[in-house]
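A.B. asks: The primary structure of each chain is shown beneath.
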Amino acid sequence: MFIGKLNGHFRVLLAGAAVSALVLSAAPSFAETPADTLVQAWAIDDTITLDPAESFELSPAEFLGNAYDMLVRLDVADTSKVKPGVAESWTVSDDGLTYTFKLKPGLKFASGNPITAEDVAWSFERVVKLDKSPAFILTQFGLTKDNVTEKAKATDENTFVLTVDKAYAPSFVLNCLTATVGAVVDKKLLLEHVAAVTPTDDYKFDNDFGNGWMKTGYAGSGPFKIRDWRANEILVLERNDNYYGDKPALARVIYRHVKESATQRLMLESGDVDVARNLEPGDLEAVSKNADLTTTSAPKGTVYYISLNQKNPNLAKPEVRQALKYLVDYDAIGSTLIKGIGEIRQTYQPKGVLGALDSDPFNFDVAKAKELLEKAGLKDGFSITMDVRNTQPVTGIAEAFQQTAGQAGVKVEIIPGDGKQTLTKYRARNHDMYIGQWGMDYWDPNSNAETFTSNPNNADDGTVKTLAWRNAWDVPELTEKTKAALLERDADKRAAMYRELQQAALDTSPFVLIFQQTEVAGLRGNVKNYKLGPNFDSNFVAPVTKE
Amino acid sequence: MSDTAMTRREWLLTDRPQSRTQARLGRAYVTWRRFTANKLAVIGLVIILGLLFVAAFAPLLAPKSPYIGDLKNARLMAPSAEFWLGTDDQGRDILSRLIYGSRLTLQVVFLVAVIAAPIGLLVGTVSGYAGGWVDAVLMRITDIFLAFPKLVLALAFVAALGPGIENAIIAIALTSWPPYARIARAETLTVRRSDYISAVKLMGASPMRIVLRHIMPLCISSLIVRVTLDMAGIILTAAGLGFLGLGAQPPLPEWGAMIASGRRFILDQWWVAAAPGVAILIVSLGFNLLGDGLRDALDPRSAGQ
Amino acid sequence: MSTADTQKPARRANRRASAIIGAIASFLVVVATTYLGLLAVTFFIGRVVPIDPVLAIVGDRAPAHVVERTREAMGFNLPYYQQFYLYVKGVLSGDFGTSVLTTNPVMADIRRVFPATMELATVGTIIGAALGIPLGVLAAVKRGSVADQIVRVVGLVGYSVPIFWLGLIALLVFYARLGWTSGPGRIDVVFEYTFTPVTGFYLLDAVINRDWAAFKDIFSHIILPASLLGYFSLAYISRMTRSFMLNELSQEYIVAARAKGLSESRIIWGHALRNAAVPLVTVIALSYAGLLEGSVLTETVFAWPGLGLYITNSLQNADMNAVLGGTIVIGSVFIGINLLSDLLYRMLDPRTRIR
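Protein chains in written order, with my numbering: chain W, 1305 to 1851; chain S, 22 to 326; chain Z, 875 to 1229.
Don't read these hints as lab results, they were simulated from the structure.
Mixed in with the good hints there might be a few duds.
[As the list claims (entries may be wrong)] Taking lysine-lysine and the DSBU-like style, the derived pairs with C-alpha atoms no more than 35 Å apart in a straight line are:
1. W/1655 - W/1508
2. W/1683 - S/93
3. W/1655 - S/93
4. W/1449 - W/1470
5. W/1563 - S/85
6. W/1449 - W/1797
7. S/93 - W/1674
8. W/1387 - W/1406
9. W/1508 - Z/1090
10. W/1672 - W/1715
11. W/1492 - W/1412
12. S/93 - W/1643
13. W/1715 - S/60
14. W/1672 - S/93
15. S/93 - W/1835
16. W/1406 - W/1449
17. W/1615 - S/60
18. Z/1090 - W/1850
19. W/1593 - S/222
20. W/1797 - W/1408
21. W/1643 - W/1715
22. Z/963 - W/1729
23. Z/1090 - W/1832
24. W/1385 - W/1492
25. Z/963 - W/1519
26. S/93 - W/1621
27. W/1643 - S/85
28. W/1672 - S/85
29. S/85 - W/1674
30. S/60 - Z/1090
31. W/1683 - S/60
32. W/1408 - W/1850
33. W/1563 - S/60
34. W/1563 - Z/1090
35. S/93 - W/1715
36. W/1519 - W/1715
37. W/1729 - S/60
[What the hints assert, rightly or not] With the Cβ distance kept under 7 Å, some of the chain Z side facing chain W (calculated, not the full set):
38. 929
39. 937
40. 938
The model shown is predicted, which means the values in this text are computed figures rather than measured ones.
For every residue, glycine included, the Cβ atom is placed at its ideal position computed from N, Cα and C.
One chain only, chain W, in its complex shape:
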């Protein structure tokens, strides 16, 4: 009987639905974002925590870089230098072991609490004691759970003293302090949110230093504060009215999680967002041709490479390693797959870092590669597998390499997998070839030198799992050189040492470096002063205005 009733209304209902569909969709929605709000479309699914002591991914680096302040900050104008952050000035003792920082007076956290040297010391203490992923950036100076309260100490309200264990290059120490792990957190606020934990053998403390609350919480002093974060959906920054410096013009910055480049472009074109952050070459080109839109870009500290596991007997041959470097069609890849989003670079230090070597000796040369393979006794080539994560541009590059390597008889079988899957295999050294990217941990040449050209213990149970270790590349000499460069206090000499290491890598390493990432952003025409920095934690949004 309900069908009987339904029957009467049936046509009416249908007609109603059709009419309302027409009315509602008649006006193509050109949505404009609010004037005081910047809306960015960006893949932010790598954010897993907002605690500076734990966060070590790319997108949160940008959020934390804008929402927190560190003792010193990277000077975006000259990336081989640092400039004051919370600290007004600093001195290094003659023996190179003691760093004394004077804080700017009268600063406040977003919460209204004053920033004191005690907050700085406690920030160091919680990083070292929590001992999460980025903690090594500070512990490599000899800070341990037992000595941190002595080695990182507030001597008065405005003076913070850091004591390191060796006479490191001051540039190295200061560069490391610009990383997000060096963020100064609001001790008073955080103490209200610590959770009690039961001490264990691994973790000997009875509280979590607010780590649980900080996953989504905020206790900083940057120009913006983090108002809200919903994983894989949205992150909202809001102006911090207690910030000591120039107040941002924008009241709010919203990051909306959008993965696809094409979708980001559509949203940018239709005005749904002001900034699109993951544009691929084709979409980037379309955006740059659109009169309503502009683009901006900056080279980033991330390099893409193919690595060759030395456990594979074929790949262990020096000639094969070099031959493969001649089998990448750098020109074709540079002008298509990574056009606008990367620049060909064959050395492992990104452009702009102290001691970066600008040298691209390899080009696509099948004859040369065949010659080298013949020398290695592999005239007819060989078969090999390559683990590839199924994201662009690596999949495209892998496929292109598969074709060009085939021309010299090297048959590459691609094993696709998602990121975590290929990484699991890579970290267990079970791969043959792997294509991936490496982002600098902190803005200092030691970061990449240490991972590409040092391998203190090549055993399977080695504890320092650098990229050289992951590819079983045993290089005691280079390891020593890398260590020595760390203690060279003369910046020029230090730079020269790093250049030597890069040259050695070009000649012998199992790393086929392909390109350095360029970060790009497509912008609506009314967005001004939007600049990308060399690192994700220096993508500052405070200066941005909207007309």
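Fit chains S and Z to the given chain W structure using the hints.
C.D. replies: Frame of chain W, contents of chains S and Z only:
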């Protein structure tokens, strides 16, 4: 009774067949006529025959290599006289990739059917014939698998096995057998108590022999119809996995994966994603039309419903 | 002591009651074992995935000792049976664990994303039924005509087209080129902090809030993915409607009605469809369950923040707690809908009701 005077048609349609063969052929002929009376079904058959033809002669039909492209000079070209359907992001000829891709599609469909149907048949007939706790346990397992959404379960399986076309096939097969088991069980239940089976039992046949030789053959025709109708679903699931990056590995020209990679260029180079989508649509439509026609032809009761 | 005569009905009632209890008990056993199987299968899959779940938490650049410590903290060093026991124990107390990806309890995440999927499937089913039933009736009444053939082909195309591809093309045409609808997502970011969800069904929420601007925006977001899903359920519903109608139209009471001189439209809509309605309810319920599944790919294409997207995202990040939780919820809904359609069938069908 003059055979010679009969046309071949009359011979086939006679209501007094002289031999088993004649009876069988006669039945087949009736089925065939019922089938061909359905225009849509014939279109389906033609599509599938076309697919088989393309797959068999792919190397002759494809104008270019499906694997080697010209990245630098021929990337993302619009359809033209040289590249009928344009080129993809590696500068490869899309038409050639589609042609070779037909082999993968057939491989998936065929292997899934070959793996899933026998599993379903075995589980269903054993369950139906044995009854009791065997039936209860087997049907419980079947229900568990049926309680999962197929695609989600296949996704999980592929994630566990690792991406790749073989694993996609295994995953789809693992999720496809439960309905077959249900059908086979239902058919078994209807014949289990029949005089015919009782007679075989009296003759001392072992339960295994009864299931294998006497029950399974009875279930096969309804199973074939069901499998044919499922083929389109199998193709779509495989394409879905390929689309999510869990199907065939590059550079294999699997259609779903081709859509996935063409998706990035849909705004400016829409043909890259459009062509494989149309191919999937045509082929699975072909299987659906064919399956529909087969069901009507083999099961006159439900004809036209 | 009563007489044997009065004892009899009492005993019969008892027997009936115990039969009902027995049926309920065996039903519960069935549901319980199905659930346990569901848990076991998903758990097994979760543990053989060749992805290190610890990596999902600490990231690529974590030092070795951090990785080890996290592994122990998560209980991944325990034997599998213990891990399974702990997991089942958690689920029974309503705890699906914590999602690595979102850092929220999985239950909270699901509560947030599930309404999005339900809303999409509901609107899709409404569209599918509103168009599918009349089309099916039409095809049955004009059996063998061109109209019948067209309905048949439209239905079969619905069965044959890859939904993610059709979604892409629809986005390209209606959003990118024509600008008739909104793009991916559920609601524009403009409404992000003015619109407060109450039920989680945004269309309903907008009505409750009397926020018509938001309603318009939400509608223009949902119409495209819902129409796509609606097309698939239309394919199924129109086909089944046709079949049920053909069955009814051949019944004797129709002949009798015709003989009585009832108008044809009265016969079709008033009598035949009314009787076909009973099995149709089952069909619509099943197609609703099917749409929940179909939403996995649709949600990926339209970036719809529902359960399907949640599961695929989690799967790709080895976030097994989330995958298991999501799968169990979808599995439960499947079981629930099957039961419900069964129940409806019995309640609505006079023949089964009498029995």
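A.B. asks: The structure should be examined with respect to each hint, and the outcome stated for every one.
C.D. replies: Status of the hints after comparison with the structure:
1. W/1655 - W/1508: Given pair residue 1655 of chain W, residue 1508 of chain W is violated - Cα atoms ~42 Å apart, limit 35 Å.
2. W/1683 - S/93: Cα-Cα ~27 Å, so holds.
3. W/1655 - S/93: OK: residue 1655 of chain W and residue 93 of chain S at ~26 Å, within 35 Å.
4. W/1449 - W/1470: 18 Å, holds
5. W/1563 - S/85: Within the cut-off at roughly 34 Å; holds.
6. W/1449 - W/1797: 34 Å, holds
7. S/93 - W/1674: 22 Å, holds
8. W/1387 - W/1406: Cα-Cα ~13 Å, so holds.
9. W/1508 - Z/1090: Between residue 1508 of chain W and residue 1090 of chain Z the Cα gap is close to 56 Å, so the pair fails against 35 Å, i.e. violated.
10. W/1672 - W/1715: 17 Å, holds
11. W/1492 - W/1412: The hint holds at about 12 Å.
12. S/93 - W/1643: 12 Å, holds
13. W/1715 - S/60: 48 Å, violated
14. W/1672 - S/93: 21 Å, holds
15. S/93 - W/1835: 31 Å, holds
16. W/1406 - W/1449: 25 Å, holds
17. W/1615 - S/60: 62 Å, violated
18. Z/1090 - W/1850: 27 Å, holds
19. W/1593 - S/222: At roughly 81 Å apart (the allowed maximum being 35 Å), residue 222 of chain S and residue 1593 of chain W break the hint.
20. W/1797 - W/1408: 33 Å, holds
21. W/1643 - W/1715: Roughly 27 Å between the alpha carbons, so the hint for residue 1643 of chain W and residue 1715 of chain W holds.
22. Z/963 - W/1729: Holds: residue 963 of chain Z and residue 1729 of chain W sit about 32 Å apart, inside 35 Å.
23. Z/1090 - W/1832: Holds, at roughly 31 Å.
24. W/1385 - W/1492: 32 Å, holds
25. Z/963 - W/1519: Holds, at about 27 Å.
26. S/93 - W/1621: 31 Å, holds
27. W/1643 - S/85: 26 Å, holds
28. W/1672 - S/85: Holds, at about 28 Å.
29. S/85 - W/1674: 26 Å, holds
30. S/60 - Z/1090: 45 Å, violated
31. W/1683 - S/60: Since the Cα atoms of residue 1683 of chain W and residue 60 of chain S sit roughly 59 Å apart, the hinted pair is violated (cutoff 35 Å).
32. W/1408 - W/1850: 31 Å, holds
33. W/1563 - S/60: This hinted pair is violated, its Cα atoms lying about 45 Å apart.
34. W/1563 - Z/1090: With a Cα-Cα distance of about 25 Å, the restraint between residue 1563 of chain W and residue 1090 of chain Z holds, given a limit of 35 Å.
35. S/93 - W/1715: Given pair residue 93 of chain S, residue 1715 of chain W holds - Cα atoms ~21 Å apart, limit 35 Å.
36. W/1519 - W/1715: Violated, at about 46 Å.
37. W/1729 - S/60: 54 Å, violated
38. 929: 5 Å, holds
39. 937: 5 Å, holds
40. 938: 5 Å, holds
Hint violations for this structure: numbers 1, 9, 13, 17, 19, 30, 31, 33, 36, 37, all remaining hints satisfied.
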